[in-house]
Amino acid sequence: GDSVTQTEGPVTVSESESLIINCTYSATSIAYPNLFWYVRYPGEGLQLLLKVITAGQKGSSRGFEATYNKETTSFHLQKASVQESDSAVYYCALDYNQGKLIFGQGTKLSIKP
Amino acid sequence: ETAVFQTPNYHVTQVGNEVSFNCKQTLGHDTMYWYKQDSKKLLKIMFSYNNKQLIVNETVPRRFSPQSSDKAHLNLRIKSVEPEDSAVYLCASSFTEVFFGKGTRLTVV
Chain X
24 GDSVTQTEGP VTVSESESLI INCTYSATSI AYPNLFWYVR YPGEGLQLLL KVITAGQKGS
84 SRGFEATYNK ETTSFHLQKA SVQESDSAVY YCALDYNQGK LIFGQGTKLS IKP
Chain P
-13 ETAVFQTPNY HVTQVGNEVS FNCKQTLGHD TMYWYKQDSK KLLKIMFSYN NKQLIVNETV
47 PRRFSPQSSD KAHLNLRIKS VEPEDSAVYL CASSFTEVFF GKGTRLTVV
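Residue numbers (the numbering used here), protein chains in the order written: chain X, 24 to 136; chain P, -13 to 95.
Incorrect hints may appear among the rest.
Partner residues aside, some chain P positions facing chain X, computed with beta carbon under 7 Å [to be verified]: (1) Thr17; (2) Lys27; (3) Leu28; (4) Leu29; (5) Ile31; (6) Ser34; (7) Ser80; (8) Glu83; (9) Val84; (10) Phe86; (11) Gly87; (12) Arg91.
Everything labelled a hint here was simulated from the structure, so no lab data went into it.
Model, not experiment: these values are computed from the prediction.
We put the CB at the ideal spot given by N, CA and C, even for glycine.
Please put together the full structure from these sequences, using the hints given.
Structural data, given as structure tokens:
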């Protein structure tokens, strides 16, 4: 079946350091699923951070980037310089059928000031 | 700004009781969903509902049932709760992307 695996948390990074959260997927029901990163900030609901629907393309938002790599079936989330406000839980997800999402287990990110 | 509204935020109940959670979206979307986030923080889809067509995840126990009065509302009823139903339930809606509510945390004692 379809699945998503991401970096096991929690992850702690010092402010202004770079970040990478790994995400790999397995898609059996759809060849090239739409890929997403969602984020949940403390006290808030789950919200879309970025999405990419075309293999080979890169998505970006709020300084974060992720590239859809169909060869390695990966969609790693990166940021060159994190801020304290980036502390949150990050979820990688794929859309296997018109809005039905499969999520990774989530990665809790803490930023050290 | 949140456009998918869930009530209540929290609910504590005893085993065997019936509970119902409300969800309303103001985005004009045609499709709504319920997801469950369990104690291990895993998020899994339970139902999707589009144009009166319900698609059920086969792993969802029959005591769970969605209820819709119109395309802006999709409530979730649990007929006789069990301890393993303790979780956060997230409502969502979509057109081209999925928007989530803040969730309802259910604790079964």
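The hints, checked one at a time:
no.	hint	result
1	Thr17	holds, 6 Å
2	Lys27	holds, 5 Å
3	Leu28	holds, 6 Å
4	Leu29	holds, 4 Å
5	Ile31	holds, 5 Å
6	Ser34	holds, 6 Å
7	Ser80	holds, 4 Å
8	Glu83	holds, 6 Å
9	Val84	holds, 6 Å
10	Phe86	holds, 4 Å
11	Gly87	holds, 6 Å
12	Arg91	violated, 12 Å
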